[in-house]
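> Using the sequences plus the hints, can you model the full thing?
Protein chains in written order, with this note's numbering: chain A, 19 to 183; chain B, 10 to 215.
Relax, there's no trap hidden among the hints.
For the chain A half of the interface with chain B, some residues (derived, Cβ under 10 Å), not all of them:
1. Ala35
2. Arg41
3. Phe49
4. Ile133
5. Met134
Calculated directly from the structure, the hints in this document are not laboratory data.
Ideal Cβ positions, reconstructed from N, Cα and C, are used throughout, including at glycine.
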Amino acid sequence: MNPYLAGVGIGLVLLGAFVIMGRGLGASGAFSSAAAAGMASVAPERAATLEPYAAYLGDERRGPLSDWLVIEILGVTIGGFVSAWGAGRLRRGVEKGPRVSNRARLLYAFGGGTIMGVGAKLARGCTSGQALTGGALLSVGSWIFIIAAFAAAYAASPLFRRQWT
Amino acid sequence: MNAPLYEIGAFGETGALVFALGLGIVFGWFLERGGMGNANKLAGQFYLTDLAVFKVMFSAIVTTLLGLYWLSRLGWLDLPLVFVPPTYLVPQLLGGVVFGVGFVMGGLCPGTSCVSASTGRTDGFMVVGGMLFGVFVFNEMFPLLEGVYRATPRGPLTIPELIGVPFGVVVFAVVAIALVAFVAAEKVELHFRPAVRSGEALGDGR
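Encoded structure:
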């Protein structure tokens, strides 16, 4: 699909979220919920006392809708799956450049995910909750996040060129 | 009609979760159709060979901005009832820098890693696992990071409020900048696309 058309589609979904819910879309919040649930099952004491876990658990959670993003992300995985299925793009494999081994690519993927996890927590959101949602609401902090994230990615891109090109 | 529907009590928590699932499904569908489930395509953004990330993201922002402006102007949407993420200048600057490095390293962002994983890509699963581990690392280090995390709060500050210009004027400016940037993006891609380079190697063009 033409990327501009996909963008308009995503923009209408985001607008729909604002009109229906009064809030936007997100992704990293679902990971926060999952991490909190995991910690609560392993070490309930710690999960209840350390704020970034407790904020997503039980009575401490931020309002009754803290599970909203988990369900939304569940929807994202279903929607992505259905779309790829319909387009014949469902395939087991690894996306990478030609010069790097699968093993190296998977290590980079895990490392990149870890770094993004820390960054998204510090910034209170990711490409969905800050860049798209906050960006469309003209939030000052969200635009700082967008500019900082893209500037840093371009600055760091030579370090990872071998992985992609 | 008046909106946000949930905020005015049109439906309850169960209804909200049904909408979460529905909106998520359509969001994931468009992400996949736009090629956003593919780490190679996303990484192209940072080597200027494929600017689909920029195009998808900014056409989405422009669409939503124009929608918010007109729905609010027609009196159908009560904009002050929409939740604006609060601004924290320093943590969002630092968090953005950290996030950007992880993005070009992992090739997927948190939402798109879920699409990549659900379409069968192992690298998508690894980014999902890394994200969970990163959240765990941050949470465990929270006592150390709390000072930075809470620094420089500015509340739900928006660009129109910051520079004292009406919402509509900023919307117009962002749309104008985006249109110019879309034209520039097409030129950049033509210049950096590998296909053009292989054409050069064959000696059939500039």
